[in-house]
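Q: Sequential numbering from 395 applies to the sequence shown in the working numbering.
If you are wondering where the hints come from, they were derived from the structure by calculation, not from laboratory data. Among the hints, a few may not be true.
Once the Cα atoms are required to be at most 30 Å apart in a straight line, the calculated DSBU-like pairs of lysine-lysine come out as [as the list claims (entries may be wrong)]:
1. K597 x K431
2. K522 x K532
3. K431 x K596
4. K431 x K532
5. K522 x K572
6. K572 x K597
7. K505 x K565
8. K505 x K572
9. K532 x K594
10. K431 x K572
11. K596 x K532
12. K532 x K572
13. K532 x K498
14. K597 x K532
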Amino acid sequence: MNLYPTLQSYIEQAQALPIAEERKDVLQVLIDYVQQKVDQNREINLNFICTHNSRRSQFSQIWGKVAAAYHGIDINSYSGGVEVTAFNERAVASIQRFGFKVSKEGNGNPKYFVFFSDDEDPIVTFSKVYDDPANAPKGFAAVMTCSHADENCPFIPGAEARIPVRYEDPKAFDDTEKEAEMYDTRSLQIASEMLYVFSKIKK
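Whenever a hint applies, use it, and build me the whole structure from the sequences.
A: What follows is the structure, given as structure tokens:
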């Protein structure tokens with residue numbers, strides 16, 4: 395797989411970031427889930443869930459798929475929320491800065507086709523509820539990327555595992571001089587942790 399050059403350099407940056415021991419403990423639950431699926435030779439479905447499915451869950455869907463592909467592991471990476479909004483344009487701009495090629499279809503809540511390699515199909519992203527028909531209806535892990543969704547969705551139909559992997563919301567920096575920096579910081583953190591997860595999987 396030939397990653398786009400800018401993206402390759404950011405992946406190298408992400409791999410060099412230290413991960414605190416308490417975060418490794420959080421991520422171990424996801425590692426164990428994926429490893430079990432690999433050991434059983436079963437399909438791996440991850441649905442990253444946050445309230446509006448606009449920032450953190452979108453970053454996680456994208457980086458989850460890229461990190462898995464980077465380490466030669468085949469997964470289905472989805473995202474969803476409890477409300478439909480849109481893939482936030484600030485988050486879209488961040489992944490473009492990271493070297494992803496992005497095309498857009500529609501208005502309001504457009505579909506984005508996110509390319510990370512000319513050898514791979516694009517990741518298709520748009521804001522949707524977690525049980526949208528575009529997502530796996532059952533046999534998936536619900537990876538809860540924000541505290542609000544985690545605390546307000548006590549039951550996710552069809553999920554066979556529920557794994558909290560919470561991130562701080564870059565929305566807090568919208569319309570400030572630190573906006574781009576903080577979106578990129580959060581994206582890089584998620585990239586780092588997803589790359590760590592899939593680096594631990596024994597095939």
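Q: Would you mind marking each hint as holding or not holding in the structure?
A: Checked hints:
| no. | hint | result |
| --- | --- | --- |
| 1 | K597 x K431 | holds (10 Å) |
| 2 | K522 x K532 | holds (16 Å) |
| 3 | K431 x K596 | holds (11 Å) |
| 4 | K431 x K532 | holds (14 Å) |
| 5 | K522 x K572 | holds (28 Å) |
| 6 | K572 x K597 | violated (41 Å) |
| 7 | K505 x K565 | holds (21 Å) |
| 8 | K505 x K572 | holds (27 Å) |
| 9 | K532 x K594 | holds (25 Å) |
| 10 | K431 x K572 | violated (40 Å) |
| 11 | K596 x K532 | holds (25 Å) |
| 12 | K532 x K572 | violated (39 Å) |
| 13 | K532 x K498 | holds (28 Å) |
| 14 | K597 x K532 | holds (24 Å) |
Consistency with the previously given hints fails for numbers 6, 10, 12, ordered from lowest to highest.
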